[in-house]
Amino acid sequence: MKQVLKRYIDFSLRSWGSEMTLRLSTVIILIFTFSVTIFLAQSAFNFKRVMNRWGDNTKITVYLAEGQNEDTRQKIENYLKRIQDVESIKFISQDEAIAQFSKSNSLFTNDFIDDLKEQEVFPESFEVTLNGSIQDTVYLNRIKQVSDKINDQIGVEEVSYGQGWIEKYSAFLRLMNSLVAIIVTLFIAASLLIISNLIRVMVHNQRDEIEILELIGETKSNIRMPFIIEGVVFSVIAYTIGLLMNMVLFNWIANEFAQSTILSHLAGIVAHPELGFISTGLFLSITVGLLSSYFTARSVNTGWALATRSNK
Amino acid sequence: MISFSHVYKTFRGEVHALRDVSFTIPKGDFVFLTGHSGAGKTTLFNLLAGFDRATSGHVMVANYNLADLRDDMVPYFRRKVGVVFQDFKLLNNRTVQENIALPLEIAGASSIMIHEKSNQMLSSLGIADKANNYPDELSGGEKQRVAIGRALIAQPDVIIADEPTGNLDPHLSREVMNVFLKFNALGTTVFIATHDQNLVKDMQKRVVRLSKGELADEASA
Ligand SMILES: Nc1ncnc2c1ncn2[C@@H]1O[C@H](COP(=O)(O)OP(=O)(O)OP(=O)(O)O)[C@@H](O)[C@H]1O
Ligand SMILES: [Mg+2]
Chain Y
2 MKQVLKRYID FSLRSWGSEM TLRLSTVIIL IFTFSVTIFL AQSAFNFKRV MNRWGDNTKI
62 TVYLAEGQNE DTRQKIENYL KRIQDVESIK FISQDEAIAQ FSKSNSLFTN DFIDDLKEQE
122 VFPESFEVTL NGSIQDTVYL NRIKQVSDKI NDQIGVEEVS YGQGWIEKYS AFLRLMNSLV
182 AIIVTLFIAA SLLIISNLIR VMVHNQRDEI EILELIGETK SNIRMPFIIE GVVFSVIAYT
242 IGLLMNMVLF NWIANEFAQS TILSHLAGIV AHPELGFIST GLFLSITVGL LSSYFTARSV
302 NTGWALATRS NK
Chain G
33 MISFSHVYKT FRGEVHALRD VSFTIPKGDF VFLTGHSGAG KTTLFNLLAG FDRATSGHVM
93 VANYNLADLR DDMVPYFRRK VGVVFQDFKL LNNRTVQENI ALPLEIAGAS SIMIHEKSNQ
153 MLSSLGIADK ANNYPDELSG GEKQRVAIGR ALIAQPDVII ADEPTGNLDP HLSREVMNVF
213 LKFNALGTTV FIATHDQNLV KDMQKRVVRL SKGELADEAS A
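Residue numbers (the numbering used here), protein chains in the order written: chain Y, 2 to 313; chain G, 33 to 253.
In isolation and in its complexed conformation, chain G is listed as follows:
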């Protein structure tokens, strides 16, 4: 489902955010991505979601070779990957429910389906009472859950989440993980970046570890 092979990402000023990164994640896996701040987690996710292109190497996701992806196909590829952004990236002039429903709207779903699915998502994330609030009116944890809802709602092939529990207390973190697990059980590949070692330990899942842009020994997580 996901395969990186000898991927480099170099920013201006010779910042090597990723160096010779190779790994694969089979379809339906649940994997954590860990590493210090600045290790390259967000950079890796940006390549994986088709937000940016690798300087060299190959990234394959859901049978798309991202190096060869034509510009006009990029949006359609992006719909196959649900992303929870580290900084949420919510639309401030839309309500919580509208934010969550956005991917369905983009995909051209009927309004009945949008309504039903977004209501369902709101309650499984415990923010049904905030449906008509705007992002400005939410706490950090609530925003985070809206971001998660938006990433999951269209049932993408892959979900990547950048620090999805950063603003949540342990109890809510578990709840959110359960939502991810639920989608994972439906066949979605889940890839989560986190600093939360306790969470990683609890979940007993595979871990990919980055260290200064390079892949570290997986077992040593």
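With the rest of the complex left out, here is chain Y:
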């Protein structure tokens, strides 16, 4: 290992001058692609975390049909209690519903509200709080199922879980996830090509040297090793710089949030990437560097450069 590193450092210093422009331009392009990739992934993660914070627990409102007796109400309540994931159930009478409405809509006049009361616009209802919040479609489907079952109960008029916005939100989540996945995949593919190109050009520029080393008896793997390490090193350097740049950026966004009265509680969520995120990124960048440089370097020296050239 020490030997390999020493070789790589030797190799790196020796070819630094001649490959400087190539290396610098590669690392700059890589930093750009990695930064954008990290930014997108980090944004998607943050968005979900924010939604989780906001979404807190999902509420289902079970509206009862008009004029239910105590018995049916009790039956429905018992049924609701037996459902898995139900955290709490709260009965809201007509009066309470009106009180809530008028409290949150103080603009309306008392006359208007009295009017509503007479027309019995506000039915009685159960407010069912479920564990967890909507993060994925699995959870969304579960809510749909539960709601449909409740809907089938006698005495239930309607079940509402904010169908409209939840579905839109989940569609949006799906779209965002696939968009981020596509873009990240594209950028990873691009970095594979960029690194592969770096290695290809370096190998090309050092073709004579590689051939001489082959002739003197250097092994294929020792000849390739510095090129392969080069790919990994550049990938990791670009990732580290890209990550740091993103940390600075998100820190800045968090600071902006902190100064805003409405968003201040999100500052902590936005600020720091999780350790899992960082290590996954590191793993990916090493893999990208390794794969592209390995496969590029593998095909370029056969150990028979001289023979291949003279016999073709």
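Honestly, the hints are just simulated from the structure, not real lab data. One thing to keep in mind: the hints can contain errors.
Claimed, not checked - Pairs of lysine-lysine, DSS-like flavour, derived with a Cα cap of 25 Å:
{"hint": "1", "chain 1": "Y", "residue 1": "Lys91", "chain 2": "Y", "residue 2": "Lys7"}
{"hint": "2", "chain 1": "Y", "residue 1": "Lys221", "chain 2": "G", "residue 2": "Lys112"}
{"hint": "3", "chain 1": "Y", "residue 1": "Lys3", "chain 2": "G", "residue 2": "Lys149"}
{"hint": "4", "chain 1": "Y", "residue 1": "Lys91", "chain 2": "Y", "residue 2": "Lys145"}
{"hint": "5", "chain 1": "Y", "residue 1": "Lys76", "chain 2": "Y", "residue 2": "Lys91"}
{"hint": "6", "chain 1": "Y", "residue 1": "Lys60", "chain 2": "Y", "residue 2": "Lys76"}
{"hint": "7", "chain 1": "Y", "residue 1": "Lys7", "chain 2": "G", "residue 2": "Lys149"}
{"hint": "8", "chain 1": "Y", "residue 1": "Lys60", "chain 2": "Y", "residue 2": "Lys49"}
{"hint": "9", "chain 1": "G", "residue 1": "Lys59", "chain 2": "G", "residue 2": "Lys237"}
Dock chain G with the ligands against the given chain Y, drawing on the hints supplied.
Just chain G with the ligands, lined up with the frame of chain Y:
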């Protein structure tokens, strides 16, 4: 140590660089290879050093049958043969000393040993003052001596040298020959291609002669 038997080497376009070449060189011998330009000397050396494969026939070197040599064994075989290339093949981004030390480095020698041995080699070739220069900064004769130093330093079983005195004056040629003789005395088989008839005459060694790819009468050298 070295044995060629019915070796043919044919290049694309029906160029028969070697035709039915058979000879043997026992371990520890000192032999010259002569022949006109284009006679096939470099081609023969390329086969001998495991740089290229014969079209047909058998080449045995240091108990390796080169026709059967597995690809992954080739580098290890090549370390047993020190080669002075006709065109030197020095690494331009390494100093003279680093170039000479290369085979030791490849073999994984310790840095102390590399340092000692390369210093020794530099002085026995008379280029100690150029140790830290790069090949671009050397004269033809100096480059040639670096190439010789690199071929000899790891004490290979066989040394083959393609025109090792082509750029040297008679005095330096003698000096270089003395270095070869020194290694030969230690048991290394030496095989040198040259055009220099005077040198061949002076040295009084066995001569293998090629003529248009075929082995000519040895005695008539
Ligand atoms: N790679 C090749 N492709 C085709 N022909 C080749 C190749 N290498 C050598 N030859 C031919 O094989 C013949 C022998 O060449 P070689 O280089 O072995 O000669 P040589 O004896 O070393 O000559 P010199 O004294 O000029 O170095 C020549 O006719 C040459 O043109
Ligand atoms: Mg030649």
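Structure-based check of all given hints:
1. Y/Lys91 - Y/Lys7: violated, 70 Å
2. Y/Lys221 - G/Lys112: holds, 17 Å
3. Y/Lys3 - G/Lys149: Holds - the C-alpha atoms of G/Lys149 and Y/Lys3 are around 23 Å apart, at most 25 Å.
4. Y/Lys91 - Y/Lys145: holds, 20 Å
5. Y/Lys76 - Y/Lys91: holds, 14 Å
6. Y/Lys60 - Y/Lys76: Status holds; Cα separation ~20 Å.
7. Y/Lys7 - G/Lys149: holds, 21 Å
8. Y/Lys60 - Y/Lys49: holds, 19 Å
9. G/Lys59 - G/Lys237: holds, 14 Å
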